[in-house]
Amino acid sequence: MAELDPHIHQPTRLRILMLLSGVDVADFAFLLNTLGLTKGNLSSHMSRLEEAGYVEVTKSFNGKVPNTAYSLTREGRSSLDEYWRAIDDIRHGAD
Amino acid sequence: MKRSADSVQEADGRVREIPKWARRYAQNRTLPVVAMLVIGAAAFCVFGGLGLLTGWAYVEDKRVLAAASMLVLCGFTVWWVWFCFIGFVRIIRSITERLYEGEGGAVVGACAGIEDSRGLVLAALVLIFFVPATLGLFFLGLCPIRLMQPVSALYVVPFLCYLGLKMRRVGSPFMFLWPGLYGIHAILDVAGVPVRFWGDFHALDIFAPMVGYGLIATLAAHIYGRVALRRLRALAASPESLQGAAGQSNGRA
Numbered sequence: 001m002a003e004l005d006p007h008i009h010q011p012t013r014l015r016i017l018m019l020l021s022g023v024d025v026a027d028f029a030f031l032l033n034t035l036g037l038t039k040g041n042l043s044s045h046m047s048r049l050e051e052a053g054y055v056e057v058t059k060s061f062n063g064k065v066p067n068t069a070y071s072l073t074r075e076g077r078s079s080l081d082e083y084w085r086a087i088d089d090i091r092h093g094a095d
Numbered sequence: 001m002k003r004s005a006d007s008v009q010e011a012d013g014r015v016r017e018i019p020k021w022a023r024r025y026a027q028n029r030t031l032p033v034v035a036m037l038v039i040g041a042a043a044f045c046v047f048g049g050l051g052l053l054t055g056w057a058y059v060e061d062k063r064v065l066a067a068a069s070m071l072v073l074c075g076f077t078v079w080w081v082w083f084c085f086i087g088f089v090r091i092i093r094s095i096t097e098r099l100y101e102g103e104g105g106a107v108v109g110a111c112a113g114i115e116d117s118r119g120l121v122l123a124a125l126v127l128i129f130f131v132p133a134t135l136g137l138f139f140l141g142l143c144p145i146r147l148m149q150p151v152s153a154l155y156v157v158p159f160l161c162y163l164g165l166k167m168r169r170v171g172s173p174f175m176f177l178w179p180g181l182y183g184i185h186a187i188l189d190v191a192g193v194p195v196r197f198w199g200d201f202h203a204l205d206i207f208a209p210m211v212g213y214g215l216i217a218t219l220a221a222h223i224y225g226r227v228a229l230r231r232l233r234a235l236a237a238s239p240e241s242l243q244g245a246a247g248q249s250n251g252r253a
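As you go down the protein sequences, you meet chains S and V in turn. Quick note on our numbering: the first sequence kicks off at 1 and runs consecutively. Quick note on our numbering: the second sequence kicks off at 1 and runs consecutively.
It should be emphasised that the hints constitute simulated quantities derived from the structure, not laboratory data. The model shown is predicted, which means the values in this text are computed figures rather than measured ones. Every residue gets a Cβ at the ideal spot worked out from N, C-alpha and C, and that includes glycine. Incorrect hints may have been included.
[Said to hold, decoys possible] Simulated restraints, written as ranges between beta carbons of each label pair: (1) S:ARG77 to V:ASP12: 56 to 64 Å; (2) V:LEU99 to S:ARG91: 39 to 47 Å; (3) S:ARG48 to V:LEU125: 32 to 40 Å; (4) S:VAL65 to V:GLY55: 44 to 52 Å; (5) S:GLU75 to V:ASP12: 21 to 29 Å; (6) V:PRO173 to S:VAL65: 51 to 59 Å.
[Claimed, not checked] If you want the footprint, here are the derived chain S segments under chain V, 3+ residues with CB under 8 Å: (7) 3–9; (8) 47–59.
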């Protein structure tokens, strides 16, 4: 039986990674608005993903406004692919 | 049990669609292009208006007015050059940030397609060669001026298509409407359909379709971007946020 990555197998983090896999860079405000989370909640999920090495964080300033941008790392992308393969294996096993 | 497996599969299917709609949304954030077109059109109007005023004043022997409008035209040209090199990017960036402030930023292929810019530079050089070459044809009387737009379509349409193909990962597919409509306009013009501006404003034969179809294409892309964002938000709404909303409504009840 294929093992599911616990970092990814959490509904909100899965959605974050899927969002980031569709674009090259997304900032904190975009993720916040699209996912409909609170700032604290999103921050904690992003920290976990960053610790796992799945997302890369770039901090910058737009004028005087700080901006935090995220992108999926190569490891994050391959882990996400692996996760969906595992899900499909489980499903085919159940069928 | 079967029903629960089906609903899990359906939820998976929805999550798997997120990257597609995120990409579509990011590709169709075209309001900065609308802003560029509007600024370009405004500059064209100022250049054209001042040029016409100068010419008219000179013909009517109003020397002071002619000299004054020529000075303003020179000043505007200098300012425009400065603006194109320094101010333009800054203003477009600030407009973009303001327009998309409520949504945040999402970029797809920030440098994709323009990493190898040799082809683009070559295409731009070809375009730069063709514009004065065709203008020369008209002014020398080698080509009737009524064919200005159809002749320009021979190089503008391939150029815009090439640009679209080169930037296909970054840009909206709706941008192909631009050369498509410009080409159709040229065909209609040659076929005798009255789509041409008459009088002394021959430059409008090229300018109006160029800017007009550009605006149509970018606005179509923008509208599609709104649809993509709505779809994306519906797909990506986190279960935690839905639980939070349900909790709040239960609390109110």
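Evaluated hints:
1. Here the CB-CB span from ARG77 of chain S to ASP12 of chain V is close to 18 Å, at odds with the stated 56 to 64 Å.
2. Checking the proposed 39 to 47 Å range against LEU99 of chain V and ARG91 of chain S shows it holds: the Cβ atoms sit about 42 Å from each other.
3. Separated by about 50 Å at the C-beta atoms, ARG48 of chain S and LEU125 of chain V break the suggested range of 32 to 40 Å.
4. In this structure, VAL65 of chain S and GLY55 of chain V meet the distance hint of 44 to 52 Å, their C-beta atoms being roughly 47 Å apart.
5. Taking the beta carbon of each, GLU75 of chain S and ASP12 of chain V are about 22 Å apart, inside 21 to 29 Å as hinted.
6. Checked against the hint of 51 to 59 Å, the pair PRO173 of chain V and VAL65 of chain S fails, with Cβ atoms roughly 32 Å apart.
7. For the stretch 3–9 of chain S, the stated coverage by chain V is violated: 0 residues have a C-beta nearer than 8 Å to a C-beta of that chain, whereas at least 3 were required.
8. Counting residues of the stretch 47–59 of chain S whose beta-carbon sits less than 8 Å from any beta-carbon of chain V gives 0, not enough to reach three: the coverage restraint is violated.
In this structure, the earlier hints numbered 1, 3, 6, 7, 8 are contradicted, and the remaining ones agree with it.
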